[in-house]
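Student: Sequence:
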Amino acid sequence: MAKGILLVAFDFSNAHQDEFHDWYDLEHLPERQRVPGFGLCERWIGVANPKQAVAGYNLESLAVLSSGPYLNIAHDNLSPWSKRVGPMCTRLIRFDGEQTLPGEADSPAGAGGLLVNAMNVVAEHEAEFNEWYDHEHIPALAAVPGVLSARRFRDPKGTHRYLALYHLASPEVSTGADWKNAAATPWTERLRPHFRDHLRILSRRYVRGG
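In the numbering used here, the protein residues as written are 1 to 210.
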(Lines of atoms letter the chains of each structure in order from A and count residues from 1; the text may use other names and numbers.)
(Lines give C-alpha, C1' and ligand atoms only; values in the text may rest on other atoms or scores of the structure.)
Protein backbone atom coordinates (compact mmCIF):
# COMPACT_ATOMS: atom_id res chain seq x y z
CA MET A 1 0.00 0.00 0.00
CA ALA A 2 1.33 3.46 -0.95
CA LYS A 3 2.59 5.85 1.68
CA GLY A 4 0.35 8.83 2.38
CA ILE A 5 0.68 12.47 3.28
CA LEU A 6 -1.63 14.89 5.04
CA LEU A 7 -0.50 18.44 4.35
CA VAL A 8 -2.36 21.50 5.57
CA ALA A 9 -1.46 25.17 5.14
CA PHE A 10 -3.11 28.18 6.79
CA ASP A 11 -2.84 31.93 6.71
CA PHE A 12 -3.35 32.80 10.38
CA SER A 13 -3.21 36.61 10.00
CA ASN A 14 -6.63 36.96 11.64
CA ALA A 15 -5.84 34.70 14.60
CA HIS A 16 -3.94 35.58 17.74
CA GLN A 17 -0.41 34.38 16.99
CA ASP A 18 0.37 33.08 20.48
CA GLU A 19 -2.90 31.17 20.70
CA PHE A 20 -2.49 29.75 17.18
CA HIS A 21 0.92 28.31 18.05
CA ASP A 22 -0.23 27.10 21.47
CA TRP A 23 -3.19 25.32 19.88
CA TYR A 24 -1.03 23.63 17.27
CA ASP A 25 1.83 22.74 19.63
CA LEU A 26 -0.09 21.75 22.73
CA GLU A 27 -3.19 20.10 21.32
CA HIS A 28 -3.66 19.77 17.56
CA LEU A 29 -0.36 18.21 16.53
CA PRO A 30 0.03 15.97 19.63
CA GLU A 31 -3.48 14.59 19.05
CA ARG A 32 -2.43 13.45 15.59
CA GLN A 33 0.93 12.12 16.71
CA ARG A 34 -0.94 9.69 18.96
CA VAL A 35 -3.03 8.25 16.12
CA PRO A 36 -1.73 4.84 14.93
CA GLY A 37 -0.38 5.14 11.41
CA PHE A 38 0.83 8.72 11.74
CA GLY A 39 4.59 9.09 11.34
CA LEU A 40 6.74 12.21 11.40
CA CYS A 41 4.66 15.35 12.07
CA GLU A 42 6.32 18.66 11.22
CA ARG A 43 5.47 22.36 11.34
CA TRP A 44 6.79 25.09 9.05
CA ILE A 45 6.49 28.89 8.75
CA GLY A 46 6.42 30.77 5.45
CA VAL A 47 9.58 32.65 4.49
CA ALA A 48 7.90 35.35 2.42
CA ASN A 49 4.87 35.52 4.71
CA PRO A 50 5.47 34.46 8.34
CA LYS A 51 1.70 34.40 8.86
CA GLN A 52 1.53 31.30 6.69
CA ALA A 53 1.90 27.99 8.52
CA VAL A 54 2.35 24.54 7.01
CA ALA A 55 1.93 21.19 8.78
CA GLY A 56 2.94 17.91 7.20
CA TYR A 57 2.05 14.46 8.52
CA ASN A 58 3.57 11.26 7.14
CA LEU A 59 1.02 8.44 6.96
CA GLU A 60 1.48 4.69 6.65
CA SER A 61 -1.29 4.94 4.06
CA LEU A 62 -4.31 7.11 3.33
CA ALA A 63 -6.43 4.53 5.15
CA VAL A 64 -5.25 6.11 8.41
CA LEU A 65 -7.53 9.08 7.67
CA SER A 66 -10.61 6.84 7.73
CA SER A 67 -9.58 4.96 10.86
CA GLY A 68 -11.52 5.19 14.11
CA PRO A 69 -8.75 6.86 16.15
CA TYR A 70 -8.38 9.63 13.56
CA LEU A 71 -12.11 10.16 13.06
CA ASN A 72 -12.46 10.49 16.84
CA ILE A 73 -10.46 13.76 16.71
CA ALA A 74 -11.28 15.07 13.22
CA HIS A 75 -14.13 16.65 11.25
CA ASP A 76 -17.27 16.83 13.43
CA ASN A 77 -15.23 15.62 16.41
CA LEU A 78 -12.75 18.48 16.43
CA SER A 79 -12.05 19.86 19.89
CA PRO A 80 -13.64 23.11 21.13
CA TRP A 81 -10.22 24.77 20.81
CA SER A 82 -9.93 23.65 17.18
CA LYS A 83 -13.44 24.88 16.45
CA ARG A 84 -12.56 28.29 17.86
CA VAL A 85 -9.15 28.81 16.26
CA GLY A 86 -9.82 27.15 12.90
CA PRO A 87 -12.42 29.65 11.63
CA MET A 88 -10.02 32.52 12.40
CA CYS A 89 -7.61 31.14 9.79
CA THR A 90 -7.76 30.97 6.01
CA ARG A 91 -6.99 27.48 4.78
CA LEU A 92 -4.70 27.59 1.75
CA ILE A 93 -4.72 23.87 1.09
CA ARG A 94 -5.57 20.53 2.61
CA PHE A 95 -3.98 17.73 0.65
CA ASP A 96 -4.65 14.05 1.42
CA GLY A 97 -2.47 12.23 -1.07
CA GLU A 98 -0.72 9.01 -1.95
CA GLN A 99 3.00 9.08 -2.63
CA THR A 100 3.80 8.35 -6.27
CA LEU A 101 7.56 9.03 -6.21
CA PRO A 102 9.97 7.76 -4.97
CA GLY A 103 8.47 4.59 -3.58
CA GLU A 104 8.46 4.21 0.20
CA ALA A 105 10.61 7.22 1.17
CA ASP A 106 9.59 9.16 4.30
CA SER A 107 10.28 12.78 5.16
CA PRO A 108 13.87 13.17 6.38
CA ALA A 109 14.20 14.39 9.95
CA GLY A 110 16.05 17.61 10.65
CA ALA A 111 15.46 19.58 7.44
CA GLY A 112 15.71 23.34 7.78
CA GLY A 113 13.38 24.21 4.91
CA LEU A 114 10.39 22.87 3.03
CA LEU A 115 9.17 23.84 -0.42
CA VAL A 116 5.54 23.04 -1.20
CA ASN A 117 4.48 23.00 -4.85
CA ALA A 118 0.84 22.08 -5.44
CA MET A 119 -1.03 22.42 -8.72
CA ASN A 120 -3.42 21.11 -11.28
CA VAL A 121 -2.63 20.69 -14.96
CA VAL A 122 -4.69 20.96 -18.13
CA ALA A 123 -6.09 17.48 -18.81
CA GLU A 124 -4.69 17.07 -22.31
CA HIS A 125 -1.17 17.71 -21.00
CA GLU A 126 -1.44 15.56 -17.86
CA ALA A 127 0.41 12.53 -19.24
CA GLU A 128 3.33 14.66 -20.44
CA PHE A 129 3.29 16.58 -17.16
CA ASN A 130 3.81 13.37 -15.19
CA GLU A 131 6.50 12.18 -17.59
CA TRP A 132 8.34 15.49 -17.18
CA TYR A 133 7.99 15.52 -13.39
CA ASP A 134 9.09 11.92 -12.88
CA HIS A 135 11.89 11.71 -15.40
CA GLU A 136 13.35 15.22 -15.59
CA HIS A 137 12.15 17.65 -12.95
CA ILE A 138 12.29 15.62 -9.73
CA PRO A 139 15.61 13.88 -10.58
CA ALA A 140 17.24 17.22 -11.48
CA LEU A 141 16.09 18.99 -8.31
CA ALA A 142 16.85 15.99 -6.10
CA ALA A 143 20.48 16.23 -7.27
CA VAL A 144 20.87 19.87 -6.20
CA PRO A 145 23.21 20.21 -3.20
CA GLY A 146 21.17 20.77 -0.04
CA VAL A 147 18.05 18.94 -1.28
CA LEU A 148 17.44 16.21 1.30
CA SER A 149 14.42 14.65 -0.39
CA ALA A 150 12.11 15.27 -3.34
CA ARG A 151 8.76 13.48 -3.38
CA ARG A 152 5.52 13.56 -5.35
CA PHE A 153 1.94 12.91 -4.25
CA ARG A 154 -1.45 12.67 -5.93
CA ASP A 155 -4.84 13.60 -4.47
CA PRO A 156 -7.70 12.87 -6.90
CA LYS A 157 -10.35 14.46 -4.66
CA GLY A 158 -8.84 17.69 -3.35
CA THR A 159 -8.51 21.21 -4.71
CA HIS A 160 -5.01 20.37 -6.01
CA ARG A 161 -4.37 17.06 -7.75
CA TYR A 162 -0.57 17.07 -7.54
CA LEU A 163 1.88 17.95 -4.79
CA ALA A 164 5.67 18.00 -4.77
CA LEU A 165 7.50 18.32 -1.44
CA TYR A 166 11.16 19.24 -1.20
CA HIS A 167 12.90 18.96 2.15
CA LEU A 168 15.91 21.27 2.14
CA ALA A 169 18.95 21.86 4.33
CA SER A 170 17.76 25.48 4.43
CA PRO A 171 15.16 27.54 2.53
CA GLU A 172 17.96 29.27 0.62
CA VAL A 173 18.69 26.07 -1.32
CA SER A 174 15.66 26.77 -3.55
CA THR A 175 16.82 30.30 -4.36
CA GLY A 176 20.39 29.40 -5.33
CA ALA A 177 21.93 29.14 -8.77
CA ASP A 178 22.09 25.32 -8.74
CA TRP A 179 18.34 25.07 -8.15
CA LYS A 180 17.51 27.65 -10.79
CA ASN A 181 19.73 25.93 -13.36
CA ALA A 182 18.12 22.55 -12.64
CA ALA A 183 14.59 23.95 -12.89
CA ALA A 184 15.00 26.09 -16.00
CA THR A 185 14.80 23.67 -18.93
CA PRO A 186 13.02 23.87 -22.29
CA TRP A 187 10.65 21.09 -21.23
CA THR A 188 9.74 23.02 -18.08
CA GLU A 189 9.04 26.19 -20.02
CA ARG A 190 6.90 24.34 -22.55
CA LEU A 191 4.69 22.85 -19.82
CA ARG A 192 4.47 25.85 -17.50
CA PRO A 193 1.54 27.55 -19.37
CA HIS A 194 -0.55 24.44 -18.71
CA PHE A 195 -0.26 24.61 -14.89
CA ARG A 196 -3.39 25.67 -13.02
CA ASP A 197 -4.11 26.69 -9.39
CA HIS A 198 -0.39 26.75 -8.62
CA LEU A 199 0.39 27.13 -4.90
CA ARG A 200 4.04 27.55 -3.94
CA ILE A 201 5.08 28.03 -0.30
CA LEU A 202 8.71 28.19 0.72
CA SER A 203 9.01 27.72 4.48
CA ARG A 204 11.48 27.36 7.28
CA ARG A 205 11.23 24.91 10.14
CA TYR A 206 9.01 26.20 12.92
CA VAL A 207 10.79 26.55 16.25
CA ARG A 208 8.61 27.26 19.26
CA GLY A 209 9.51 30.61 20.73
CA GLY A 210 11.94 31.25 17.87
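None of these hints come from the bench; they were simulated from the model.
The reader is advised that the hints may include incorrect statements.
Quick list of in silico lysine to aspartate or glutamate cross-link-like pairs, EDC-like style, CA-CA up to 16 Å [as the list claims (entries may be wrong)]: (1) K83 with E31; (2) K180 with E136; (3) K83 with E136; (4) K157 with D197; (5) K157 with D96.
Student: Indicate, hint by hint, whether the structure satisfies it.
Tutor: Taking the hints in turn, this is what the structure says about them:
Between K83 and E31 the CA atoms are separated by roughly 15 Å; this keeps the pair inside 16 Å, and the hint holds. Straight-line distance between C-alpha atoms of K180 and E136 comes to about 14 Å, which keeps the hinted pair within the 16 Å bound. For a cut-off of 16 Å, the pair hint linking K83 to E136 is broken: about 43 Å separates their Cα positions. For the hint pairing K157 with D197, the CA-to-CA distance comes to about 15 Å; that is within 16 Å, so the pair holds.
The hinted pair formed by K157 and D96 meets the criterion: a straight-line CA distance of about 8 Å does not exceed 16 Å.
Going through the hint list in order, the structure does not satisfy hint 3, though it satisfies all others.
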